[in-house]
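K.L.:
Required output: the full structure, derived from the provided sequences and hints.
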Amino acid sequence: MKKVSIIGAGPAGIEAASVLAKQGVQVMLFEKSETPLKNIQDKAFLFPNFQAAQEIADDLSGKLLADGITSAFGVDITDLKWQGTEWKLIDSKGQTYVSDAVLIATGYQVFDAHRKEELGYGIYKGVITSLDMEQMIKHGKIVNANGDQPKRVTFLQCVGSRDEKSGNNYCSKLCCVTAVKQAIEVVKQVPGCEASVFYMDLRMWGQGFEEMYRMAQEKYGVSFVRGRISEAAATFDGRVQLKSEDTLMGLPLKMTTDLLVLMVGMEASCGTKALGKVCDISGEYGFLRTVTPHLYDNETGRPGLFAAGTCKRPMTIWDSVNDARSAALAIKDYLDTIRIEN
Amino acid sequence: MANRFWNEYQKAIADDHFFYERSCIRQTFFPGSETAFLRMLREELNKDIFDDFRQHTCTGIGYHTDVVPLETTMTVVARLFSLMTEHGYENYVPSCVTSFGVFTEMVHMWQEHPELLEKTRENLYKACKREFNIPKNIAHPSDVIYHFRNELAAKMKYRLVNRFTGKPLKVVEHIGCHYAKIFPDKGVGKAEFPYVLAGMIEAWGGEVVDYPERRHCCGFGFRQYLVQENRGYSVSNTKKKLESMEPYEPDFIVSNCPGCSMFLDRWQYTIAELEHKTYDREGYGIPVLTYEEMAGLLLGYDPWELGLQIHQVQAERLLDKIGIPYNPKDKYKSADGKILRAPEKPENLLV
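Heads up: the protein sequence lines correspond to chains Z and C, in order. So the first sequence is numbered by our numbering: it starts at 13 and just counts up by one. So the second sequence is numbered by our numbering: it starts at 56 and just counts up by one.
No lab work stands behind these hints, which were simulated from the structure alone. Misleading hints may appear alongside valid ones.
[Unchecked claim] Straight line, CA to CA, 20 Å or less: simulated EDC-like cross-link-like pairs of lysine to aspartate or glutamate:
(1) Lys-255(Z) x Glu-298(C)
(2) Lys-266(Z) x Glu-268(C)
(3) Lys-163(Z) x Glu-130(Z)
(4) Lys-245(C) x Glu-243(Z)
(5) Lys-225(C) x Asp-249(Z)
(6) Lys-266(Z) x Glu-130(Z)
[Stated by the list, open to error] From the derived model, a few chain Z residues whose C-beta atoms are all more than 12 Å from chain C:
(7) Met-13
(8) Ala-78
(9) Gln-95
(10) Lys-128
(11) Glu-129
(12) Glu-130
(13) Leu-131
(14) Tyr-136
(15) Lys-185
(16) Glu-222
(17) Gln-229
(18) Gly-262
(19) Tyr-308
(20) Trp-330
(21) Ala-342
Where is the CB? At the ideal position from N, CA and C, for every residue including glycine.
P.N.:
Shown next, in the form of structure tokens:
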């Protein structure tokens, strides 16, 4: 029986494992964390249908129980070597594993908002990230720096995305709609709270996104301001003072808010960057490079080495899952080819 | 404030053998500061620092107001470097923040465009038959004091502590734009949360006030003041800062820029005259010190030798809080011992 190693137990890794196992392939799934699906577990509800993230996580976790999948949590694969006919995987403790093909699905990490010092994350309690807000929404406890219900919450798009200063010129793709979703949740959970979103331009590209954007304005009174926030500072009473420019009005703007939510973008995870280097498939910004985005987007150009999900670029969960299915098919094709050759 | 991440941004600061360049305006605004800096380095820290009487302007204000062409500024800067080179020094310490910015910028341009460096060498040689080396290290004096803040702390007689309450003094720090906003990596702590003055304040027992308009312009802003019609902008910027810091009740303001110290101090008088408003509870205003004055006071230097009587907002109440002795009779005594006529008192700002 042919063996495939999958590195990363996120949506892409699990979905690919599930599809391959159903095809009779023996799958070894490695995850450096002690639990799978950490990036989904951090979320409350998912756009555009406000489905609980936990439901998706439970569905995906259930797939790990299928025959043919062996999961290894707490195992950090740090090196990959092509041996001529198979891949040797080496973990951080020096243990080795062998397989006929490897799928890298090491995913993303969120941008570290500390790097945008001018926005005060880690300095002022009233400045949080979209991930922090997701936790607040999840636990039904949206509070300001003093522990009180906020009267005004302000979201800032493109923190660590489309930003030359932080070295990330690309769009993270999901933050626009995530801010709309979170602003709606804030108004739902804290009636009377004002929510504003500062944006460069809103990219409502997905099915249902535009409708959500309209609903946020019409039903929940969320206001959208075109402008970047240049600086945040704490006020004497623990709120956050913002300076910006309303570029539609052409006027400078100063306002005070209870919470400033930084919509942090997606970056290649440390694991993605490291494996990209050792396999010589590093692309732009540390994401993995594939042969071509049009027809061979799971193939890396190296025999038996494939990539799926957000290790390649920012993606939604459904994009990652579909990409993983496509990767599984490509791997199956590859395994069939080497069977014939052998 | 201590241990926050921005104090991790450090820059290279030489340990000894400095060539000092004085400022055009600081000796008028803060007449004791430069002398105090030299004294601290020589007497307290036992360092070698050279003060050449042939030095001159860096053209900074003219350069930033577009009345001096770039080529001229480069040649003038080159002449100053030639004095340093002639005396065998490699570590350049310009007193003024704008000079620091100008030198850093010229060196950067020379590095990026070697043809400009060659042209400058040619111009300097044609003009005065001089040659120069680019300094190995350019540090502002506030960098140097920051670098030796712990050594100085060990010699200080006083700390930034209110002797009546035992609590740290609340200090507003303000960094000149040309210190780190042109080249963030040339400033300790970089541009968003510069640590150069904050590090001194913390090392000497005080507490830094982090107020909303901390990064806002001091009010000088070159064209806001230098173009007479714009001076309303200058006052209003200073007012915005003072209003923002007022609720925190700072004990004093410290700055590393001549313009910032000047305008944060003098405009308090103007605002008091215009609006009958002062930014402390009792109506005396918030004292504004240079970092050399702050260090000198804590080292036990005489407040009047440091030149505190030249400031608009008078410092006696601050001296009382720290416990620094002073003789009121000596306040307006000249260097040769004559008692000079005291200045007129303003109507609205108490002294």
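K.L.:
So is Met-13(Z) really clear of chain C, every C-beta pair being over 12 Å apart?
P.N.:
holds, 51 Å
K.L.:
Does Lys-245(C) pair with Glu-243(Z) here, judged by a C-alpha cut-off of 20 Å?
P.N.:
holds, 15 Å
K.L.:
Are all C-beta atoms of chain C more than 12 Å from that of Leu-131(Z)?
P.N.:
violated, 9 Å
K.L.:
Within 20 Å, alpha carbon to alpha carbon, are Lys-255(Z) and Glu-298(C)?
P.N.:
holds, 16 Å
K.L.:
Taken at face value, is the distance from the CA of Glu-268(C) to the CA of Lys-266(Z) at most 20 Å?
P.N.:
holds, 11 Å
K.L.:
According to the definition I'm using, a residue is off the interface if its beta carbon is farther than 12 Å from all beta carbons of the partner; does Ala-78(Z) meet that for chain C?
P.N.:
holds, 45 Å
K.L.:
Would the hint linking Lys-163(Z) and Glu-130(Z) be met if the CA-CA limit is 20 Å?
P.N.:
violated, 23 Å
K.L.:
Closest CB-CB distance from Glu-130(Z) to chain C, is it above 12 Å?
P.N.:
violated, 5 Å
K.L.:
Per the stated criterion, does the least C-beta distance between Tyr-136(Z) and chain C lie above 12 Å, as a non-interface residue requires?
P.N.:
violated, 9 Å
K.L.:
Just checking, Gly-262(Z) versus chain C, shortest CB gap more than 12 Å?
P.N.:
Holds, because the least Cβ-Cβ distance between Gly-262(Z) and chain C comes to about 19 Å, which exceeds 12 Å.
K.L.:
Just to be careful, I want the Cα atoms of Lys-266(Z) and Glu-130(Z) compared with a cutoff of 20 Å; is the pair within it?
P.N.:
holds, 15 Å
K.L.:
Taking the minimum C-beta separation from Glu-129(Z) to chain C, is that value above 12 Å?
P.N.:
Answer for Glu-129(Z): violated, closest chain C Cβ roughly 4 Å.
The structure fails to meet hints 3, 10, 11, 12, 13 and 14 from the earlier list, while all remaining hints are met.
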